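Here is how the chains run, residue by residue.
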Amino acid sequence: MKIPKERLEKYRNLKREFSEEEYINIHPIQRGGVLTEEAMKALIEFGDGYSVCDFCPPKEARLDMITRPPIRDFYKDLAKFLGMDYVRVVTRCREAIFIAFKMLSEPNDYVIIDSNAHYSTYLAAELSGLRIKEVPNSGYPEFKVNLEAYIDKIEEVKKEKGKLPSAILLTHVDYLYGNLNDAKIVGKIAKDYNIPFILNCAYSAGVMPINGKELGADIITGSGHKSWAASAPTGIIAINESLKEKILARSKISGDITKREFKAKEVALLGCTVMGAPLITLMASFPKIVERVEKWEEEINKIRYLVSELERIEGFKQLGIRPKLHTLTHMESESFYKVSINHKRKGFFLYEELKERKIVGIQPGLTKHFKFNTYGLTWEQIKYIRDAFFDIARKYNVNIK
Amino acid sequence: MISEIKESIDDLIKILSILRKKAPFHNLDDNEKKELINILEEISKKINKIKEEIEK
Numbered sequence: 000m001k002i003p004k005e006r007l008e009k010y011r012n013l014k015r016e017f018s019e020e021e022y023i024n025i026h027p028i029q030r031g032g033v034l035t036e037e038a039m040k041a042l043i044e045f046g047d048g049y050s051v052c053d054f055c056p057p058k059e060a061r062l063d064m065i066t067r068p069p070i071r072d073f074y075k076d077l078a079k080f081l082g083m084d085y086v087r088v089v090t091r092c093r094e095a096i097f098i099a100f101k102m103l104s105e106p107n108d109y110v111i112i113d114s115n116a117h118y119s120t121y122l123a124a125e126l127s128g129l130r131i132k133e134v135p136n137s138g139y140p141e142f143k144v145n146l147e148a149y150i151d152k153i154e155e156v157k158k159e160k161g162k163l164p165s166a167i168l169l170t171h172v173d174y175l176y177g178n179l180n181d182a183k184i185v186g187k188i189a190k191d192y193n194i195p196f197i198l199n200c201a202y203s204a205g206v207m208p209i210n211g212k213e214l215g216a217d218i219i220t221g222s223g224h225k226s227w228a229a230s231a232p233t234g235i236i237a238i239n240e241s242l243k244e245k246i247l248a249r250s251k252i253s254g255d256i257t258k259r260e261f262k263a264k265e266v267a268l269l270g271c272t273v274m275g276a277p278l279i280t281l282m283a284s285f286p287k288i289v290e291r292v293e294k295w296e297e298e299i300n301k302i303r304y305l306v307s308e309l310e311r312i313e314g315f316k317q318l319g320i321r322p323k324l325h326t327l328t329h330m331e332s333e334s335f336y337k338v339s340i341n342h343k344r345k346g347f348f349l350y351e352e353l354k355e356r357k358i359v360g361i362q363p364g365l366t367k368h369f370k371f372n373t374y375g376l377t378w379e380q381i382k383y384i385r386d387a388f389f390d391i392a393r394k395y396n397v398n399i400k
Numbered sequence: 000m001i002s003e004i005k006e007s008i009d010d011l012i013k014i015l016s017i018l019r020k021k022a023p024f025h026n027l028d029d030n031e032k033k034e035l036i037n038i039l040e041e042i043s044k045k046i047n048k049i050k051e052e053i054e055k
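Chains as they are written, first to last, in numbering that gives the first Met the number 0: chain A, 0 to 400; chain B, 0 to 55.
In case anyone wonders, no lab produced these hints; they're calculated from the structure. It cannot be assumed that every hint is accurate.
Stated by the list, open to error - Keeping only pairs whose Cα atoms sit at most 25 Å apart, straight-line, the calculated PhoX-like set for lysine-lysine is:
no. : chain 1 : residue 1 : chain 2 : residue 2
1   : B       : K13       : A       : K287
2   : A       : K382      : A       : K343
3   : B       : K44       : A       : K287
4   : A       : K357      : B       : K5
5   : B       : K13       : A       : K357
6   : A       : K287      : B       : K5
7   : B       : K20       : A       : K382
8   : A       : K294      : A       : K79
9   : A       : K245      : A       : K262
10  : B       : K20       : A       : K294
11  : B       : K5        : A       : K294
12  : A       : K316      : A       : K212
13  : B       : K21       : A       : K287
14  : A       : K382      : B       : K21
15  : A       : K14       : B       : K20
16  : A       : K101      : A       : K158
17  : B       : K55       : A       : K287
18  : A       : K243      : A       : K79
Only a predicted model underlies this, so the values are computations on that prediction, with no experimental measurement involved.
All chains should be modelled from the sequences, with the hints used to inform the complete structure.
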C-alpha cells in the first residue's frame, strides 16, 4: 500500500526534543547510557545495518568470533572486567535474564526473586513457564530487601515442590529506590544450597566496580543502554565456567528433509544477537567505562550532597536506604504535591517549572514523589539542579530550612 | 577527501561532547573557549581542503 508523501514528512530530519547538549537530563534510567565521545563517533562509522559483519569467519560464523572489529577480544575483556569467565552481548538485560531462567529450569519450576525486581524479571519468568517466590522488603521508607529471607523462600519451595528452585535472582540495585544490595549475602546462600545465583546488575555494572566472583554470582546480567554509555538495545550476560554448557548450549536440531544443522550456533541466543551499531557503541565506550567505575565514590558524594540539599525543602524526604549508595534516587515531595492541588497545571507544574530551567527527566505529572538520577553530572550541574529546586520552592512559598 | 570529512565530523562531535558537560548554559572558562576555538580552526582547515579537492 502506498503511503502519501506528506505523511512521510514527519520521519525526515528527526531531532530529539531534549538533547543532552541543551538540557540537564536527570531521567532515572538515562544517565548511565549517555554516549561517550568515542561511541558517538563509532555510531556514525558503524551505523549501517550489519556493519560489524564484514569479516565474519566462514568456519565459525558467529558474532563472538569476529576479530575485525575486535569483538572476540572485547567479549574476553568484558568478562574479565566483570570478574566472570564468559560474556555474550544480547539485546537487553531482560533478555539475559530470560535466557538464564529458560536454560536453567524445567517448566513449572520456581525461581526466587527480590520484591524490588523490575517488572521484566517477572515477565522473563512467565515466558520461561516458571513460578516465582518473592523475597520481601522492609516497606516504607527504606524498602530494604531482607536478604536473609532468601533462605526461607528456598525452604518454602523445597517443602512445596520437593526440589530446590532452579535459580535465585537478586536485583543488585533496584529501579524504584536505587537501593544497593549486599550481593555477597545472597551469593553465600546460593552456594550453600548449590543453586545458580543470577545477579541483575542493570543499574550497577558499568557505573560502579563489579566483581562477579567476589560477589558469588554465577550469572551477571547488565544493560548497555542503561549503564555502559551504549545505544539501545544492548544487554550483557556474563557466565561462570560451571554454567557455560547450560547457558551457551549449541544447536542440535537438523532439518528432516535438508538435514541442515547449525552446530556452531548458541541456541538461547538464536545465533547472532546485536550485529551493528549498538554493539559498537558498547565497545567504543568500554575504555571510558573501565576508567569511570573507579570514580564511583565521587558520584556518591554528589548524590549525597544533592539529597541533603533538597531535603532542606519542607516536605522533601529521600526514600530507600540512607545514606545513598547509588545515584538513582526516589524523593518524596509532599510540599510540592500540596502546591499542585491548587495549581492550574496540577501535577504537571513541577515538570514544567524544571523544563523552563532546562532540566528534564522527571516524569510529567508527578509531584508527590519522583525519581531522578545524577550519574555523570558535573558538580556545577548538581548545584544548578539544587538552585532550580530552591527557586521553584521559593516561587510557591515552600519553606527552605 | 573522505578522511577529512570524517575527521571534521569527529571534531564536531568532540565539541558536542564538551558542550554536554556544560549544559544548559555553556558557560565556558578561558581554557575551554581556547580548546573549542582550536578545534574549530582545525575543522576549517579540513573543510578548505575538502573544497579544494572538489574544485580540482
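Verification of the supplied hints:
no.: 1; hint: B:K13 to A:K287; result: holds, 15 Å
no.: 2; hint: A:K382 to A:K343; result: violated, 29 Å
no.: 3; hint: B:K44 to A:K287; result: violated, 29 Å
no.: 4; hint: A:K357 to B:K5; result: violated, 31 Å
no.: 5; hint: B:K13 to A:K357; result: holds, 22 Å
no.: 6; hint: A:K287 to B:K5; result: holds, 22 Å
no.: 7; hint: B:K20 to A:K382; result: holds, 13 Å
no.: 8; hint: A:K294 to A:K79; result: holds, 19 Å
no.: 9; hint: A:K245 to A:K262; result: holds, 15 Å
no.: 10; hint: B:K20 to A:K294; result: holds, 16 Å
no.: 11; hint: B:K5 to A:K294; result: violated, 32 Å
no.: 12; hint: A:K316 to A:K212; result: violated, 36 Å
no.: 13; hint: B:K21 to A:K287; result: holds, 19 Å
no.: 14; hint: A:K382 to B:K21; result: holds, 13 Å
no.: 15; hint: A:K14 to B:K20; result: holds, 20 Å
no.: 16; hint: A:K101 to A:K158; result: holds, 23 Å
no.: 17; hint: B:K55 to A:K287; result: violated, 41 Å
no.: 18; hint: A:K243 to A:K79; result: holds, 15 Å
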